[in-house]
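Residues per chain, in single letters:
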Amino acid sequence: MRDHQHMVFTTAARMLGNDRQAEDIAQEAFLKAYEHFDHLRTNPAAGGWLRTVTRNLTFNYLGRHRRRWRLFTEMRAENDADEPGMDIPAPDDLLADINTDMRHALIEQALARLPDHQRLPLVLYHFEDMSYEEIASQLRISMAKLKVDLFRARAALAKTLLHKGVTADTELTP
Amino acid sequence: MTNLTPDRTTQTKEEQLERWIDHLLREQPERLAPDTLQLRVLDRVHQRAVRPWWLCSYSHWPFAARIALVMTSIACGLLGVRVMAWITAPMASTPLAQQLPGFLRWAEALYEAITVVVNHLPPLWMYGALAVLAVLYGALFGLGAAAYRTLYVAR
Chain A
1 MRDHQHMVFT
11 TAARMLGNDR
21 QAEDIAQEAF
31 LKAYEHFDHL
41 RTNPAAGGWL
51 RTVTRNLTFN
61 YLGRHRRRWR
71 LFTEMRAEND
81 ADEPGMDIPA
91 PDDLLADINT
101 DMRHALIEQA
111 LARLPDHQRL
121 PLVLYHFEDM
131 SYEEIASQLR
141 ISMAKLKVDL
151 FRARAALAKT
161 LLHKGVTADT
171 ELTP
Chain B
175 MTNLTPDRTT
185 QTKEEQLERW
195 IDHLLREQPE
205 RLAPDTLQLR
215 VLDRVHQRAV
225 RPWWLCSYSH
235 WPFAARIALV
245 MTSIACGLLG
255 VRVMAWITAP
265 MASTPLAQQL
275 PGFLRWAEAL
285 YEAITVVVNH
295 LPPLWMYGAL
305 AVLAVLYGAL
315 FGLGAAAYRT
325 LYVAR
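From first to last, the protein sequence lines stand for chains A and B.
If you're matching positions, the first sequence starts at 1 in our numbering and goes up one per residue.
If you're matching positions, the second sequence starts at 175 in our numbering and goes up one per residue.
A few of these clues could be false.
Derived DSS-like pairs: lysine-lysine, alpha-carbon spacing no greater than 30 Å straight-line [as the list claims (entries may be wrong)]:
no., chain 1, residue 1, chain 2, residue 2
1, B, K187, A, K147
2, A, K147, A, K159
3, B, K187, A, K159
4, A, K32, B, K187
Pairwise CB distance ranges (calculated) [unchecked claim]:
no., chain 1, residue 1, chain 2, residue 2, range
5, B, M300, A, Y132, 51 to 57 Å
6, B, L317, A, Y34, 37 to 43 Å
7, B, I248, A, Q138, 19 to 25 Å
8, A, D3, B, L243, 37 to 43 Å
9, B, L314, A, A112, 35 to 41 Å
10, A, H39, B, Y301, 51 to 57 Å
11, B, H197, A, Q138, 21 to 27 Å
12, A, N56, B, T210, 21 to 27 Å
13, A, Y132, B, L243, 45 to 51 Å
14, B, L310, A, Q138, 35 to 41 Å
15, A, F59, B, L314, 25 to 31 Å
16, A, S131, B, M300, 51 to 57 Å
17, A, H36, B, R225, 14 to 20 Å
18, B, N293, A, H36, 29 to 35 Å
Simulated from the structure, these hints should not be mistaken for laboratory data.
Since the model is a prediction, treat every value here as computed from it, not as a measurement.
Heads up, the beta-carbon is just placed ideally off N, CA and C, and yes, glycines get one too.
Here chain B stands alone, though its shape is the one from the complex (with noise of 0.2 Å):
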């Protein structure tokens, strides 16, 4: 330590604590990891080596599952598209009634409803109405993240 500063006279007193401090910690060896750190490795091994597919990250699923999710997924989208498709045609070019069985015919007034609603409200109550569901969830997730910020982080 005490051949660290041979220049003493030209350098500052701030390069002169630099150059010690790096020495000082240059010198440090490896801190000891603690005797748990290899079993709990292995145990979270264990644990992953033994838990079904489907609980695991999609890209550990297996190739047929993985393929089953995408089309699933197309599916959902091309039916989601098709219902909107419906609910925004008029009335009378889906005769709704005659696909639908018997006991789903209180979703036929349900359509009905939606369609009268839909075809009779003006375009600025619509957009109105976007716009208020969209300032409420901006809100809530504001809401959300100050109360993460104040009573989780702040621990």
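Just chain A, with the same shape it has in the complex (with noise of 0.2 Å):
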């Protein structure tokens, strides 16, 4: 447990941008893999296994907790119109002056702050190395819509971190 407790809370953290759900999510993640110890205890793709159940029970929280964000993002379609020509930072400019870990830190803060239907596809892509083809089947939504969807989060993350770049004296927290 201990070799894999933090790709674990990882996971689902990111996944569901809560910390104390993702300690949840990881919980259930190592009874079921206590439930299988025998079989993991030898096998080399245990972290694997692992980090494919973690990623099934945040999406069965999901799909149990939360309110039908799929829908929601299929509504936000109207207020398309005004996305297209956002203003996408220069990313050479971003987070230059912070050192590694306060960066790191306002990433994962940033990530968190993304809503569920931005975060999810950007964590799914860039962490979870799913592709395109799969995420849409696995989130239940169009192409097109995944594809608007990550572009727009990756500019609100640019966009947060360039506002945290300027004032993460004093956001952040160590």
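If you follow the hints, you should be able to join the two separate chains into one complex; please do so.
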């Protein structure tokens, strides 16, 4: 458990954007692992198994407890008109003067503050290495919607980081 | 962070952003799990270990208990079929009164009443009643789902 607890917690926390819920999911994942302990104890793929279980448990949790966020994203389509022209900050300008630990914390905070329908595709694509097709299928959204959500998520993340970079000294709690 | 966009002129701004975010996120180290996680898991494992078998899920029951449950279920099913056969059979062919002990005479009266009602109801009424029951069940289910989504999920 010690070997994988950070990975399991991180996976759930990034998908959910909520540490307390992520701890619940991590607990469930390890209890499932305990049920298969004999099989997993010597299995080199135990980490991958745990990651998949954590991801599935998180999907189940989101399905049960979050309010139809897929429908919510579809309803937001009417607001699309103002998005394509959004200003994307230049990457080189961001977080240039912030030390590594602080930058990592800022990114985690910014990620957690994204709305579900933006954070989840972003996490699945960049952290979980899922393809567009797999994400769209898992989240039951259209490919076009997924691409729009991903683009908005990246742009929102970049904007937040720019803002955070400017005000990092006052907002960070190390 | 400055070496991310060597061919910036050929990239769209969107691709540039994607590459930068990808690089930024993949650089992120794993977060540290809270100290309480291990304790919580161990506590739950202990709770499960001391929990009696009948409170566990069916797959964790002893083999004999699983067989007993299956046999009991089959017996209940057969009993249900038998009871239905008694109710729907004509009164004359079932000497029920002779089979019941004295303290169950009320069951005989109930049986007779049900038999009379069932045998004299027009089939259309029966189908109508079943349809009404189905509609009421559906309405109850729908109300429950709506209440759950409104009062619980929305929180």
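Earlier hints that do not hold, by number: 4, 7 and 18
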